[in-house]
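Trainee: Using the sequences plus the hints, can you model the full thing?
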Amino acid sequence: MKGLFAGLAKFVVAPAAVITLLIVWLRPAPGQETVPFEEVEPGVHDFDFPAIWEFSFGDSEFFHLTINKPMVQLIVAAVAILVFFIIASKKLRVVPKKWQFGLEYAYDFIRSGVARDILGHGYEKHVPFLVGIFFLVLVNNWFGEFFLLMFPTWSTIGFTMGLVAVVFFYYVAAGVSEHGLKYFAVQVVPSGVPLWLYPLIIPLEILSSFVTRPLTLTIRLFGNMFAGHLAVLVFVVGGGWLITESSSWLYNYAGFGAFALGLLVIAIELFLGFMQAYLFTMLTTTYIAGAVSHGH
Amino acid sequence: MSDKADKPEPTTQGGNVAERIIAEFFAGIILYGGLGYLAERLLDVPYLFMVGILIGVALSGYLLIKRFGSSE
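Just so you know, the protein sequences line up as chains A and B, in that order. Just so you know, the first sequence maps onto residues 0 to 295 in numbering that gives the first Met the number 0. Just so you know, the second sequence maps onto residues 0 to 71 in numbering that gives the first Met the number 0.
Incorrect hints may appear among the rest.
Said to hold, decoys possible - If you only want the chain A side, here are some residues facing chain B, beta carbon under 8 angstroms, derived:
{"id": "1", "residue": "Ser55"}
{"id": "2", "residue": "Ser59"}
{"id": "3", "residue": "Val192"}
{"id": "4", "residue": "Pro193"}
{"id": "5", "residue": "Leu199"}
{"id": "6", "residue": "Ile200"}
{"id": "7", "residue": "Pro202"}
{"id": "8", "residue": "Leu203"}
{"id": "9", "residue": "Leu206"}
{"id": "10", "residue": "Ser207"}
{"id": "11", "residue": "Val210"}
{"id": "12", "residue": "Arg212"}
{"id": "13", "residue": "Thr285"}
Unchecked claim - Residues of chain A placed beyond 10 angstroms of chain B at every Cβ, according to the derived structure:
{"id": "14", "residue": "Leu102"}
{"id": "15", "residue": "Ile156"}
{"id": "16", "residue": "Leu249"}
Just so you know, the hints here were simulated from the structure itself, not pulled from any lab data. Quick caveat, the model's predicted, so the values are computed rather than measured. Virtual Cβ for every residue (Gly too), placed ideally from N, Cα, C.
Mentor: Shown next as structure tokens:
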């Protein structure tokens with residue numbers, strides 16, 4: 000318990016105090032011309048990033064590639080996870096040390112807690128994919144609170160759609176490899192429905208199996224990350240504005256309150272990032288389970 | 000596509016069912032609402048959009064009752 004408080008003091012209270020002191024120091028004196036803390040209000044434009052690198056192949060617009068911050072984050076996350084797991088699995092011991100215990104716990108959390116519980120028999124071949132998905136989503140969610148990056152990658156919907164496309168093709172492929180092409184018929188044709196309703200039901204089932212299920216998966220992850228990051232932005236930028244720009248001392252103090260609430264929202268975001276990564280992995284697993292199960 | 004009895008009951012059946020329900024209603028409203036909207040625009044009848052949405056919701060609900068209603 001003492002260690003926890005020391006950690007809290009080191010990692011939460013000290014940075015908060017430094018930030019507060021910086022803001023007090025940056026606060027303009029009365030009568031001095033003020034420099035805006037933020038010139039524009041937080042909004043959707045905060046999720047657009049300029050290109051860091053640009054590549055052009057010929058004059059065509061199609062071959063004009065741009066790399067921006069979320070793309071770099073995605074690559075950094077993938078490489079970091081890869082390197083971490085490779086290094087960690089090099090020196091495994093029978094009696095685990097602290098870090099190995101943590102690694103095994105995290106791996107087993109997905110392997111036993113999610114994959115084995117939901118998929119049941121024959122779950123082993125899906126474990127690498129699920130662990131990869133979980134850690135990719137988790138690390139990219141936590142980039143929203145990581146001080147160098149401060150941006151959750153999945154709060155831009157294009158990235159979430161790409162991730163869900165991978166998941167979609169994976170579970171369709173799993174279903175096809177399990178049932179053959181009969182998989183599509185199994186997914187689409189309902190049971191216990193009179194024959195004259197089939198023309199009405201089958202388009203509905205096609206849409207619900209292959210369009211709206213991936214769509215809800217996308218919207219859930221994207222919406223949570225987007226809204227959370229926007230809430231952090233509003234509290235932090237708004238608090239900063241109240242402290243630096245507002246003329247009334249009452250509003251200045253309210254700005255400190257908003258800033259403190261912003262830190263609280265960041266803490267909630269840490270939890271939500273984990274929660275959404277877990278939920279995403281769990282729903283992916285249930286989709287795979289629905290695709291490979293017999294007697295659907 | 001037989002009954003639910005031979006399916007191994009997953010521990011997170013509830014989450015799966017909730018997911019299916021949301022997806023099913025979305026699909027019904029989007030498909031039949033969209034068809035109703037198109038019919039409304041083409042035939043110039045002012046209420047077909049609403050009728051389409053209602054048909055979609057009804058069909059989705061019927062399917063969901065067929066799929067999940069009997070197992071409890």
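Trainee: Is the shortest C-beta separation between serine 207 of chain A and chain B less than 8 angstroms?
Mentor: Holds, about 3 angstroms.
Trainee: Against chain B, is isoleucine 200 of chain A within 8 angstroms by beta-carbon distance?
Mentor: Given a least distance of 6 angstroms, the restraint on isoleucine 200 of chain A holds.
Trainee: Is the Cβ of isoleucine 156 of chain A farther than 10 angstroms from every Cβ of chain B?
Mentor: holds, 17 angstroms
Trainee: Using Cβ atoms only, decide whether leucine 203 of chain A comes closer than 8 angstroms to chain B, and label the hint accordingly.
Mentor: Since chain B brings a Cβ to about 6 angstroms from leucine 203 of chain A, closer than 8 angstroms, the hint holds.
Trainee: Can we keep the proline 202 of chain A interface hint, with Cβ of chain B closer than 8 angstroms?
Mentor: Given a least distance of 6 angstroms, the restraint on proline 202 of chain A holds.
Trainee: Given serine 59 of chain A as an interface hint, is its Cβ closer than 8 angstroms to any Cβ of chain B?
Mentor: violated, 35 angstroms
Trainee: A closest beta-carbon separation below 8 angstroms is what the hint needs, so does serine 55 of chain A meet it against chain B?
Mentor: violated, 39 angstroms
Trainee: Is the interface hint for arginine 212 of chain A satisfied, with its Cβ closer than 8 angstroms to some Cβ of chain B?
Mentor: At about 4 angstroms, which falls below the 8 angstroms cut-off, the nearest Cβ of chain B leaves the hint on arginine 212 of chain A intact, so it holds.
Trainee: Could you check that no beta carbon of chain B comes within 10 angstroms of the beta carbon of leucine 249 of chain A?
Mentor: Since the minimum Cβ distance to chain B is about 45 angstroms, leucine 249 of chain A lies beyond 10 angstroms and the statement holds.
Trainee: Answer holds if the nearest beta-carbon of chain B is closer than 8 angstroms to that of leucine 206 of chain A; otherwise answer violated.
Mentor: holds, 4 angstroms
Trainee: Classify the hint on proline 193 of chain A as holds or violated, based on whether any CB of chain B lies nearer than 8 angstroms to its CB.
Mentor: violated, 10 angstroms
Trainee: Does the closest beta carbon of chain B sit nearer than 8 angstroms to the beta carbon of leucine 199 of chain A?
Mentor: holds, 6 angstroms
The earlier numbered hints that this structure contradicts are 1, 2, 4.
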